[in-house]
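Undergrad: Sequence:
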Amino acid sequence: MWDHPHLAALHGQEQIAKAESGLAQAARKQDWSVEVAFQQRGSGYSNMVSFGVSVPLQWDRDKRQNREIAARRLQEQQAQAELEEAQRELAAMAQSQLAEWQAGVARVTQYRDTTLPLAERRQEAVLAEYRGGKAALADVLAARRAAVDTRLQAVDAEAAMAKAWVQLNYLKAGGQP
3 MWDHPHLAAL
13 HGQEQIAKAE
23 SGLAQAARKQ
33 DWSVEVAFQQ
43 RGSGYSNMVS
53 FGVSVPLQWD
63 RDKRQNREIA
73 ARRLQEQQAQ
83 AELEEAQREL
93 AAMAQSQLAE
103 WQAGVARVTQ
113 YRDTTLPLAE
123 RRQEAVLAEY
133 RGGKAALADV
143 LAARRAAVDT
153 RLQAVDAEAA
163 MAKAWVQLNY
173 LKAGGQP
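Heads up, the sequence shown is in our numbering, so the first residue is 3 and it goes up one at a time.
A portion of the hints provided could be inaccurate.
As a list, the in silico DMTMM-like pairs of lysine to aspartate or glutamate whose alpha-carbon atoms are at most 20 Å apart [said to hold, decoys possible]:
{"id": "1", "residue 1": "Lys20", "residue 2": "Glu87"}
{"id": "2", "residue 1": "Lys174", "residue 2": "Glu87"}
{"id": "3", "residue 1": "Lys20", "residue 2": "Glu84"}
{"id": "4", "residue 1": "Lys174", "residue 2": "Glu91"}
{"id": "5", "residue 1": "Lys165", "residue 2": "Glu102"}
{"id": "6", "residue 1": "Lys136", "residue 2": "Glu126"}
{"id": "7", "residue 1": "Lys20", "residue 2": "Glu122"}
{"id": "8", "residue 1": "Lys136", "residue 2": "Glu122"}
{"id": "9", "residue 1": "Lys174", "residue 2": "Glu86"}
{"id": "10", "residue 1": "Lys174", "residue 2": "Glu102"}
{"id": "11", "residue 1": "Lys31", "residue 2": "Glu70"}
{"id": "12", "residue 1": "Lys20", "residue 2": "Glu70"}
Just so you know, these hints were derived from the structure itself, not from any lab.
All chains, please: the whole structure from these sequences, using the hints.
TA: What follows is the structure, given as structure tokens:
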């Protein structure tokens, strides 16, 4: 799911934001601590035992920590929204490239099956008329030029189809257009 580098980076940012939100929530709980120590001192002194309790006294704790928690939650929500937006954008780009490729396939098929054979037949017909004395040389050259232009358009359609295919595979492989 996170094969795309951009999505993987955004997923990582989302995980960091979730962790920071969890830390802010955990920091809200008071951290009491108890400490006991035994010290064996030199022969001239008696041994010593010490005992300590630490209780944090935070002034206005609710106001400060609630703001921190709210800020971290907003960062988490923003990271989630960015990830979802990137996923939708990537899916839309893939659908667009797929539609462009499919249209290119249809165009190339149309040129191969219909347009190119008609242009070649027209060129042959005008050449036959010229040989029979019914057409001028300008007509032959115009038909030949039209056939060449049609072939060039077919090559352009194939190039556009190939470009769409490459871009679609580039998206699939994790690149960015």
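Undergrad: Hint by hint, note whether the structure agrees.
TA: Against the structure, the hints:
Of the supplied pair hints, the one linking Lys20 and Glu87 holds, its CA atoms being roughly 18 Å apart against a limit of 20 Å. At most 20 Å may separate the alpha-carbon atoms for a hinted pair to count; Lys174 and Glu87 meet this at roughly 18 Å. Simply put, Lys20 and Glu84 have alpha-carbon atoms about 14 Å apart, close enough for the 20 Å limit, and the pair holds. Distance check on the hinted pair: Lys174 and Glu91 sit about 13 Å apart at the alpha-carbon level, within 20 Å; holds.
A hinted pair counts as satisfied when its Cα atoms are at most 20 Å apart, and Lys165 with Glu102 qualifies at roughly 10 Å. Distance hint between Lys136 and Glu126 is fulfilled; the C-alpha atoms sit about 13 Å from each other, no more than 20 Å. Note on Lys20 and Glu122: the hinted pairing is violated, with a Cα-Cα distance of about 66 Å set against a maximum of 20 Å. Pair hint Lys136 plus Glu122 holds up; C-alpha atoms about 19 Å apart against a cutoff of 20 Å.
Note on Lys174 and Glu86: the hinted pairing holds, with a Cα-Cα distance of about 18 Å set against a maximum of 20 Å. A hinted pair counts as satisfied when its Cα atoms are at most 20 Å apart, and Lys174 with Glu102 qualifies at roughly 15 Å. A threshold of 20 Å between alpha carbons decides the hint, and for Lys31 with Glu70 the separation of about 13 Å falls inside it, so the pair holds. Note on Lys20 and Glu70: the hinted pairing holds, with a Cα-Cα distance of about 13 Å set against a maximum of 20 Å.
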